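Protein chains in written order, with our numbering: chain A, 1 to 378; chain B, 1 to 98; chain C, 1 to 472.
Keep in mind the hints are simulated off the structure, nothing from the lab. Where hints are given, some of them may not hold.
[Said to hold, decoys possible] What follows is a set of in silico ranges between Cβ atoms, one per label pair, in the way DEER data are often shown: (1) C:Arg368 <-> A:Glu201: 30 to 38 angstroms; (2) A:Gly85 <-> B:Arg98: 29 to 37 angstroms; (3) C:Gly375 <-> B:Glu44: 22 to 30 angstroms; (4) C:Arg216 <-> B:Glu95: 50 to 58 angstroms; (5) C:Gly375 <-> A:Gly368: 55 to 63 angstroms; (6) C:Gly293 <-> A:Pro143: 57 to 65 angstroms; (7) B:Arg39 <-> A:Asp103: 50 to 58 angstroms; (8) A:Glu201 <-> C:Ala358: 54 to 62 angstroms; (9) A:Asp103 <-> C:Gly32: 31 to 39 angstroms; (10) C:Ala351 <-> A:Glu201: 49 to 57 angstroms; (11) B:Arg39 <-> C:Gly375: 28 to 36 angstroms; (12) C:Lys81 <-> A:Glu106: 52 to 60 angstroms; (13) A:Asp4 <-> C:Ala199: 40 to 48 angstroms.
[Said to hold, decoys possible] Once the Cα atoms are required to be at most 30 angstroms apart in a straight line, the calculated DSS-like pairs of lysine-lysine come out as: (14) A:Lys135 <-> C:Lys210; (15) C:Lys81 <-> A:Lys266; (16) A:Lys276 <-> C:Lys467; (17) A:Lys188 <-> A:Lys40.
[Said to hold, decoys possible] So the derived list for chain B, only partly shown, Cβ under 7 angstroms to chain C, looks like this: (18) Phe2; (19) Arg10; (20) Val47; (21) Pro51; (22) Cys61; (23) Pro80.
Bear in mind the structure is a predicted one, so any value in this text is a computation, not a measurement. Backbone N, C-alpha and C define an ideal beta-carbon position, used for all residues, glycine too.
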Amino acid sequence: MHRDYDVAVVGGGLLGSAIAWGLGRLGKSVAVLDEGDIAKRASRANFALVWVQSKGLGMPAYTGWTVRASQAWPSLAAELKDQTGLDVCLQQNGGFHLTLGEDEYEQRTQLVTRMHNQVGAADYRMEMLKASEVKRMLPLIGPEVSGGSFCPFDGHVNSLRTFRAFHTGFKAFGVDYFPERPVSAITKSGGEFSLTTPQGEIRAHKIVLAAGNANQTLAPMVGLFAPMGPTRGQIVVTERTMPFLPHPLTTIRQTDEGTVMIGDSKEDELDDRALKHSISAVMADRAQRMFPHLARLNVVRSWTGIRVMPQDGFPIYDQSETHPGAYVACCHSGVTLASNHAFEIARMVTAGALEPELVGAFSARRFGGEGAANNSGY
Amino acid sequence: MFRRSDQDRRPSLQIFVDGVTVEAREGDTVSAALLASGRDVRRETAVSGAPRLPYCMMGVCFDCLVTIDGVGNRQGCLVPVAAGMQIEIQKGKREIGR
Amino acid sequence: MNAAPQRDAYDVVVIGAGPAGLAATATASAAGLSTLLLDENPGPGGQVWRAIASTPVTARDQLGADYWAGAELVGEVRSSKAEIIHRATVWSLDRHLEIGISIGGASAFVKARRVILATGALERPFPIPGWTLPGVMTAGAAQTMLKSSALVPDSRTVISGQGPLLWLLAAQILRLGGRIDRILDTTERKNYLAALPHAFAFVTSAYFTKGLAMMREVKAKVEVTTGVTELAAAGEGRLASVSYVAGNHRETIPADLLLLHQGVVPNVNLAMAAGVEHRWDNLQLCWSPALDGNGGTSVEGIAIAGDGAGISGANAAVVRGRIAARGAVEALAPAAAAKLSPMAALHADLAKAERGRAFLDTLFRPARQFRIPAGDTIVCRCEEVTARDIVDAVAIGATGPNQLKAYRRTGMGPCQGRLCGLTVTELMAEARGKTPQEIGYYRLRAPVKPITLAELAAMPKTDDDVKAVVRG
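Model the full assembly from the supplied sequences, consistent with the hints where possible.
As structure tokens, then:
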């Protein structure tokens, strides 16, 4: 192992892995520093949507960034397949947010209207559909479904296989992956960063902080700012069943393997070892009201995960003024935005500057030192 | 693979396996009755379609999964037979609603 | 027998109606504590006394005295005031001692002041090439069918592995007129020497004479090959043959049924999901809960008795059940404890019951090659993941079982790691040059057994729960 890299990426989850893969693809020498087996990892707890609809209310730039990511995903999936042989099973034939009862339908309609009225947002053709229209596309919906919003750009992917493909791929690019190396200190001297880990020091000319919620602690070490407001989410998953759901929903999707994932709560509690069955019960209840056939399926697992969530819900991409060469990247939607991270962010880090026209809006300067309300529309 | 010991005096009853009448004994589990039937009762896995038969017979391995009275993926080794029970050998993934 | 619980709170809830659970129930109930006994099987007995109240094997000598020894305890529990529910699957237990129970497709929740886990053991995974073929089963599976349905092998049958249960099963099959073509003994020769220091305790234990007599009985009727160091099952779509190597001898035996056994290991899923701390046991090569002298765990109010507390057999399980229950009585109804056997006497009984265990553990410590497979051999039966897949995942960065899930889905199927967890831990430990303790185990969570979505959906929920899920 050599100890002097072009770039050290702190964090080996989906976000860090995507950037590391992108950097490796551009021929950079890269080290990825990661935690071990027990860690708060959104990469293995996520819902795997490649999602556009309702993203960006309150920040039009986020809508544009998301649409860009969605459009770049097919080339990411193709490149990963060519390089690693792994099919990440990207499916982008549109997705739904279904509503139960008239109140929910009305509320969703208002959200869609607000999105359409937002000045500067990319048009991603999110529209409300009545129950009868939904039924034509999702024949198994139950009588309580009042309708829902549909966006033709929405989709989903096998996120665990994407993670594996990034790790397989970046190894092929020569990226060094160092698990069980949590970073405790970062210093800069003589134009080089030095990262302290329990297993010794790693040196690099540039660093990218991609450590999820831990960025809040790491960023100030290099003159950056990443105010985070994590939340907890629960997911339940069923046994494998024959394909029945041709489109993903915000809260239900059938994986390429056949399991049905049902999400997802948003709780302030941050203990990811505990589960609240009564919350799983609400998710299960809503799922079976949306698709009565689901009622008899067996739930084989459930879990909680901690969302990586910048305080206002929108991504943070920033570069340090006091420590040139230090970057921070964190966002909630590590799956949706993976293509942007692999292609755009990696390119910008390589070039040595974040591009204001693409990601200027995501600078942490927007916080002015304090977080705003979370209104990402997630 | 298995036969019943002559000393077994339990009353017999009829179950149906893929529509065919099979004799079982009161107190058999579904899996035991299937293995005793002499029929080909191999299921196919949901992952690759590989053939399997029960492995542990004590509720931990899930290789005895079977459709019982229209409900898929039941652990046959934990369910006692009942007269008239309809058993179907599962081929691959369970169908939704079954 | 399989109605919902009559109350929503009990002094003591015992999970598992094998030797430990029955003894715990009898003790707690005798002391006047409200006691609920939950068990997944149709009748009491656990695995060792499986179907003791219903077995069609009526010739008493065929199952043996150790089997029928359970009848008295079953009678004691049945005549006690304890509530007993069979075909009850406990799918959740948390640190507040709230227990989720699935009975007849509906879930009930009860609260306990003390929980005694007596979830027993399951067979150690025996991941040889071809172990997923139809016709390959555990020895315990054959024994379950023998006890509960008087079924015996009647086609070409090979039994392979090691340990007391293997010989007991062989004897029982022969007594009931079943067929065994060959026994392939995988006990490592070097273990005989290693076990020697424990031999005195063993030859003066109850195991010794019984064990010898049983081996003699079996060897008189079946060809036994010892020193087996390689083993594989083969066939197209079902078992056709078993191949082995012993010394310089390599042979392939045509077979329709292969029964595997290399000891049992604690069934840890429910305890781990409740947050009970476990440690790697280097002698028994499995995870065992960290316990105080009375079976108390790291979670206040939860005790573990029987083989789930570390393997030591049925006699010890009975005593450990009584100890754990006495502990509950001392805490909840100290006055009633005076009626029970004193703790010191119970611990003396336990020492006696555990005599000879170290010898057995050492002699029958399974060989490395039968625990840590290579190449195309399947490790995770549910998700069909091979040893090579796991080693490959380690090579690109998987550090432990939980990261491995992300790379390969091991342990994510319905068995929830019961059939692959130990293999995964040991395989990753070897691949990474770490100890199993350092590698760790799957993080387990409820439901520890599958329940239907409808069952989950029917649970009580508050407005706050709804708000945590429903958002524009």
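Each hint tested on the structure:
1. Distance hint check for C:Arg368 and A:Glu201: the Cβ-Cβ separation is about 37 angstroms, which falls inside the suggested range of 30 to 38 angstroms.
2. The beta-carbon spacing between A:Gly85 and B:Arg98, approximately 35 angstroms, falls within the hinted interval of 29 to 37 angstroms.
3. At roughly 24 angstroms, the beta carbons of C:Gly375 and B:Glu44 sit within the given window of 22 to 30 angstroms.
4. In this structure the hint that C:Arg216 and B:Glu95 lie 50 to 58 angstroms apart at CB holds, the actual value being about 53 angstroms.
5. For the pair C:Gly375 and A:Gly368, the beta carbons lie near 59 angstroms from each other, so the given range of 55 to 63 angstroms is met.
6. Between C:Gly293 and A:Pro143 the beta carbon distance is about 59 angstroms. The supplied range of 57 to 65 angstroms therefore holds.
7. Range check, B:Arg39 to A:Asp103: Cβ separation about 54 angstroms, and the 50 to 58 angstroms hint holds.
8. A hinted range of 54 to 62 angstroms is violated for the C-beta pair A:Glu201 and C:Ala358, which are about 47 angstroms apart.
9. Restraint check, A:Asp103 to C:Gly32: a C-beta distance of roughly 53 angstroms breaks the suggested window 31 to 39 angstroms.
10. About 53 angstroms separates the C-beta atoms of C:Ala351 and A:Glu201, a value consistent with the hinted range of 49 to 57 angstroms.
11. A C-beta distance of roughly 34 angstroms is found between B:Arg39 and C:Gly375, which places it inside the suggested range of 28 to 36 angstroms.
12. For the pair C:Lys81 and A:Glu106, the supplied restraint of 52 to 60 angstroms holds, since their beta-carbon distance comes to about 56 angstroms.
13. Checked against the hint of 40 to 48 angstroms, the C-beta distance between A:Asp4 and C:Ala199 comes to roughly 59 angstroms, which is inconsistent with it.
14. Simply put, A:Lys135 and C:Lys210 have alpha-carbon atoms about 69 angstroms apart, too far for the 30 angstroms limit, and the pair is violated.
15. Among the hinted pairs, C:Lys81 with A:Lys266 is inconsistent with the structure: their alpha-carbon atoms are about 45 angstroms apart, more than 30 angstroms.
16. About 13 angstroms separates the Cα atoms of A:Lys276 and C:Lys467, which keeps this hinted pair within 30 angstroms; it holds.
17. Among the hinted pairs, A:Lys188 with A:Lys40 is consistent with the structure: their alpha-carbon atoms are about 28 angstroms apart, no more than 30 angstroms.
18. The restraint placing B:Phe2 at the interface with chain C holds, with a minimum CB-CB distance near 4 angstroms, inside the 7 angstroms limit.
19. With 7 angstroms as the threshold, the beta carbon of B:Arg10 comes within range of chain C, its nearest partner Cβ sitting at about 5 angstroms, so the hint holds.
20. For B:Val47, the interface hint holds, the least distance from its beta-carbon to any beta-carbon of chain C being 5 angstroms, beneath 7 angstroms.
21. Restraint check, B:Pro51 versus chain C: the minimum CB separation of about 5 angstroms is within 7 angstroms; hint holds.
22. A hinted interface residue such as B:Cys61 counts as satisfied when its beta carbon comes closer than 7 angstroms to some beta carbon of chain C; here the least separation is about 5 angstroms, so the hint holds.
23. The restraint placing B:Pro80 at the interface with chain C holds, with a minimum CB-CB distance near 5 angstroms, inside the 7 angstroms limit.
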